[in-house]
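Given the coordinates of chain A, assemble chain B onto it according to the supplied hints.
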Amino acid sequence: MTFLPKALLIVAALGLAACNNPDRYGKGGAGGPGANGGYGAGGIDSTGLGDPNNPNSVAYFNQRIGDRVLFAVDQSTVSAEGRGILQGQAQWLQSHPDYAFIIEGHADEQGTREYNLALGARRAAAVQDFLISQGIAPSRMKTISYGKERPLEVCSDEACYSKNRRAVTVLQMGAGA
Amino acid sequence: MSKLHALATAFLLGMLAAVQPANAELNIIIDSPVIEPMPFAIPDFVDEGGAGDYAQNISRVVAADLAGTGLFREIPREAHISRVTSFDAPIAYNDWQAINAQALITGAVQASGDRIVVKFYLFDVFTGQPLGEGLQFAGTPGTWRRMAHKVADAVYSRITGEGGYFDSRVVYVAESGPKNQRQKRLAVMDYDGANTSYLTDSSSIVLAPRFSPTGGQILFTSYASGFPQIYLMDVGSLGVRALEQQDGTMTFAPRFSPDGGTIVFSLERGGNTDIYAMDVNGGGLRQLTNAPSIETAPSFSPDGSQIVFESDRSGNQQLYIMPAGGGEARRLSGGQGRYGTPVWSPRGDMVAFTKQNQGRFHIGVMRVDGSEERLLTSSFLDEGPTWAPNGRVIMFTRESAGAGGSAQLFSVDITGRNLRQITTEGAASDPAWSPLLK
Numbered sequence: 001m002t003f004l005p006k007a008l009l010i011v012a013a014l015g016l017a018a019c020n021n022p023d024r025y026g027k028g029g030a031g032g033p034g035a036n037g038g039y040g041a042g043g044i045d046s047t048g049l050g051d052p053n054n055p056n057s058v059a060y061f062n063q064r065i066g067d068r069v070l071f072a073v074d075q076s077t078v079s080a081e082g083r084g085i086l087q088g089q090a091q092w093l094q095s096h097p098d099y100a101f102i103i104e105g106h107a108d109e110q111g112t113r114e115y116n117l118a119l120g121a122r123r124a125a126a127v128q129d130f131l132i133s134q135g136i137a138p139s140r141m142k143t144i145s146y147g148k149e150r151p152l153e154v155c156s157d158e159a160c161y162s163k164n165r166r167a168v169t170v171l172q173m174g175a176g177a
Numbered sequence: 001m002s003k004l005h006a007l008a009t010a011f012l013l014g015m016l017a018a019v020q021p022a023n024a025e026l027n028i029i030i031d032s033p034v035i036e037p038m039p040f041a042i043p044d045f046v047d048e049g050g051a052g053d054y055a056q057n058i059s060r061v062v063a064a065d066l067a068g069t070g071l072f073r074e075i076p077r078e079a080h081i082s083r084v085t086s087f088d089a090p091i092a093y094n095d096w097q098a099i100n101a102q103a104l105i106t107g108a109v110q111a112s113g114d115r116i117v118v119k120f121y122l123f124d125v126f127t128g129q130p131l132g133e134g135l136q137f138a139g140t141p142g143t144w145r146r147m148a149h150k151v152a153d154a155v156y157s158r159i160t161g162e163g164g165y166f167d168s169r170v171v172y173v174a175e176s177g178p179k180n181q182r183q184k185r186l187a188v189m190d191y192d193g194a195n196t197s198y199l200t201d202s203s204s205i206v207l208a209p210r211f212s213p214t215g216g217q218i219l220f221t222s223y224a225s226g227f228p229q230i231y232l233m234d235v236g237s238l239g240v241r242a243l244e245q246q247d248g249t250m251t252f253a254p255r256f257s258p259d260g261g262t263i264v265f266s267l268e269r270g271g272n273t274d275i276y277a278m279d280v281n282g283g284g285l286r287q288l289t290n291a292p293s294i295e296t297a298p299s300f301s302p303d304g305s306q307i308v309f310e311s312d313r314s315g316n317q318q319l320y321i322m323p324a325g326g327g328e329a330r331r332l333s334g335g336q337g338r339y340g341t342p343v344w345s346p347r348g349d350m351v352a353f354t355k356q357n358q359g360r361f362h363i364g365v366m367r368v369d370g371s372e373e374r375l376l377t378s379s380f381l382d383e384g385p386t387w388a389p390n391g392r393v394i395m396f397t398r399e400s401a402g403a404g405g406s407a408q409l410f411s412v413d414i415t416g417r418n419l420r421q422i423t424t425e426g427a428a429s430d431p432a433w434s435p436l437l438k
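Those protein sequence lines, which keep their order, are chains A and B. Take 1 as the starting number for the first sequence in the UniProt record's numbering and just add one per residue. Take 1 as the starting number for the second sequence in the UniProt record's numbering and just add one per residue.
Be a bit skeptical, because a hint or two may be false.
Calculated from the model, a selection of chain B residues having no Cβ within reach of chain A, i.e. all distances over 12 Å [unchecked claim]:
#, residue
1, Pro37
2, Glu48
3, Asn57
4, Gly68
5, Met250
6, Glu310
7, Ala324
8, Phe410
SDA-like mimics (lysine to any residue), calculated; alpha carbons at most 20 Å apart, straight line [unchecked claim]:
#, chain 1, residue 1, chain 2, residue 2
9, A, Lys163, B, Gly405
10, A, Lys163, B, Leu376
11, A, Lys163, B, Pro178
12, A, Lys163, A, Gly82
13, A, Lys163, B, Asn180
No lab work stands behind these hints: they were computed from the structure. In this text, a Cβ means the ideal position worked out from N, Cα and C, and glycines have one as well.
Next up, chain B with everything else stripped away, as it sits in the complex:
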């Protein structure tokens, strides 16, 4: 796991290319009512020495990242007219225009010893211009997929004007065994399902892991003591410590504050569940809600000033927002059905939630004033949304019905487009997206 922090990034090839605003020619407005995926070409990256399979593998991951958004469509390599054999050779724009590629990504890989260097250019084929400067990333060979994700993030950002999300990880619950005896353990993977590793064994039920704002810690709920309690894991060492233990209480649904210093969670005592906060280093326990109803699933606003949560104080589950220190809450949800598991978007403008209505489950989003509710999915059981770091994509759990039912991870754009299953090693639930890795 230490490789999470091990990737050195270098920015060369002339001037540092900050994220460029999308230009008028090569531009995808993600919120457009209809999206025609932008055709792009990405020849296998050039081997500039020792790159071996990395050159092709990296360009393939870049292509998969971009095509996986539903915003881009790759033109198959067999259709290419030009061959790119040198990274700095002039681009034969006519050849790429002829196959209707709008964007062209070229790259090169160099490997020696424990160091691998990846560089790329992005071209706007129809204006015949590079879009932004070239960029270079360097790291150990084990981080080659991360370097590919960084290339794809840069391309995505330049064309959409949005932040990227490919160089990120997802912590989730890996599931096995029959429905009445489900074994659960914490696992972490790249956002696309690659590089899975397991963080706990399945000796105790574990639920709903959550990354810290830097990705270095994970909060989760475990039955390890015999009772459901919240724990904190250090991702580097896998060390675990219990956070709040009081006899006769259950703690669950933990989540970090945006500054990583505070944990907000639910504590149940005598059958009644309220929301509490505590310092991540222990101590400072404070009660934020005090009602005979169920208050749970708290999630901070990105500025840390407010908390969205669910409560059945009105008679069934609805969403509310209160100040981060507790106090009067205003109701957010107003439609038919029940609303739970609210999660504030990293951009601050929306809340994602699970909705139950007329026997169906939905993942939805609404503005933080409760307006513009939009249901993105519908199934027998969808629940537990988590936001991509750029606030454009949501991952969630979808469980199928019946004795043989099992849980899988899916993602969907907040436009409702591009519903996809994430390929995991086995059944999976409770995903939580990391921030963009550094």
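Pulled out of the complex, with its shape left as it was, chain A reads as follows:
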């Protein structure tokens, strides 16, 4: 078995990244400067994604509808409030068929690394299943888990943990199926 030189592997990954790398946190990923209409490399910054008063904008989706649902400790069941948000997402996605999207699952830091990766995947899949049940084509969506690797809030209290236990629907501009 031959080993790809590391440099080649990274070049290959970068080559792919321009079109479909979902890891918007990685330097080589779609989160790189400008790759997704103005995401920063590390945080979620929705400025530059359009006017939130324009119902066709990504900013409207992210802020007015809500791009994320939150979960209880160690749970992956979508709450009643979460279902309301996802119904709003589904309606918007129905009327904007050009958008594909990634569903990111995240966990808070109160757990082991491997378990939290699996838990994040459960949360992303719960959102995926719900959106499919609302009639969104599975071909438009992918899931990724970050486990506890990318907290949104950095304190070590429930106030932060509750925001970190999340699944975020990240639109991919112009990449729709």
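Just chain B now, with coordinates in the frame of chain A:
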């Protein structure tokens, strides 16, 4: 990295000294309820030609290795009465008895060109006898710390009757940047934090590297493709190849079988995580668990016949053991709280784990029948134990709380004694200990 394999060892000075059983006089029983560290003296090694700083540096590393176990206490050199100026001169035992040294280590170093030779004797001061034969190691100057570790391993083995662990390396994740934007890259260091080198850059998140049984390969998880996937790195060339890629799946938590031929790992599909195995050369993918719960963190028994793993099939994380080919699992953990990241000890008798209970994290060990659970640590966040090659010491990640929190590596004896932070160049997590180097 090729120097990992470059050290030539030679055994001279009369007969080959195999690891000697500890004798009755100079002996530490590590499992004793109370340990009074054994006082030892190690004069600077004698320069037998061209050794320069190596003579003192090597003896200092030997001293640090031994004292770092918590089982030995060095008597400061200023207190020495005798001077050792010739490697083969008779030992003035009275002088060493007078300062209450129980063990005495003398040595000499010779260097010429690209070759350095280190030899040592270990003496039982109170019986006035050498403990074991003299031993000699030879290698290139760049391996001087390894030769020091080999001397310390031999001393440790002769006195404790246990295998050594100083001549080993640790692969880990070097961390930088703020908590919500952590940059991670693979790094490898000597067990004591020296000789750090970096194996990847920080362009992608990398997690949980694991050495192969020979130390020549490293398994890890990376987001390089955009999704978490398992990769195999050749330590010599740093070449990397992806192992198992299926659209819509995530693979993680890889680990080698003891013969190095099989990789066991977690594969997630549609939100459900199960344990799979595959041949290290690709192919032979087989599913070992099939449950709607999370099955992850698999680790082989040293004989390769069983796998310990974690599952939340009972409602929360617990430890289970199943045959290496899959099949019915028996539950191992039974106490309060959640148990994860089990790792089978190299001696086969124990499993180390992470436990969460009442808002605290612990590193613990238990016997493979689930008995004698013992928690070794307690903090805001301890996780991810890895075993020293001799099964006596565990290294793990400790992360501090809050916005400024960061991860560091710690080690602790399986007795719960000697908790120590490993000095790394920056923040560090996910350590994995290599086997003892050859």
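Each hint tested on the structure:
Every C-beta of chain A lies more than 12 Å from that of Pro37 (chain B), the closest at about 34 Å, which supports listing it as non-interface. Against chain A, the non-interface label of Glu48 (chain B) holds: every CB pair exceeds 12 Å, the least being about 43 Å. At roughly 33 Å, the least C-beta separation between Asn57 (chain B) and chain A is larger than 12 Å, which holds for a residue marked as non-interface. Under the 12 Å C-beta cut-off, the non-interface status given to Gly68 (chain B) relative to chain A holds; the minimum distance is some 27 Å.
The claim that Met250 (chain B) lies off the interface is violated: its Cβ sits roughly 6 Å from the closest Cβ of chain A, which falls inside the 12 Å cut-off. For Glu310 (chain B), the shortest C-beta to C-beta distance to chain A comes to about 7 Å, within the 12 Å cut-off, and the non-interface label is violated. Residue-level check passed: Ala324 (chain B) sits 19 Å from the nearest beta carbon of chain A, beyond 12 Å. With 12 Å as the threshold on Cβ separation, the claim that Phe410 (chain B) sits away from chain A holds: the shortest Cβ distance comes to roughly 16 Å.
Distance hint between Lys163 (chain A) and Gly405 (chain B) is fulfilled; the C-alpha atoms sit about 18 Å from each other, no more than 20 Å. For the suggested pair Lys163 (chain A) and Leu376 (chain B), the alpha carbons sit about 32 Å apart, so the restraint of at most 20 Å is broken. Pair hint Lys163 (chain A) plus Pro178 (chain B) holds up; C-alpha atoms about 17 Å apart against a cutoff of 20 Å. Restraint check: the Cα-Cα separation between Lys163 (chain A) and Gly82 (chain A) comes to about 13 Å, which is no more than 20 Å; the hinted pair holds.
As the CA atoms of Lys163 (chain A) and Asn180 (chain B) are separated by approximately 13 Å, the hinted pair is consistent with the 20 Å bound.
The structure fails to meet hints 5, 6 and 10 from the earlier list, while all remaining hints are met.
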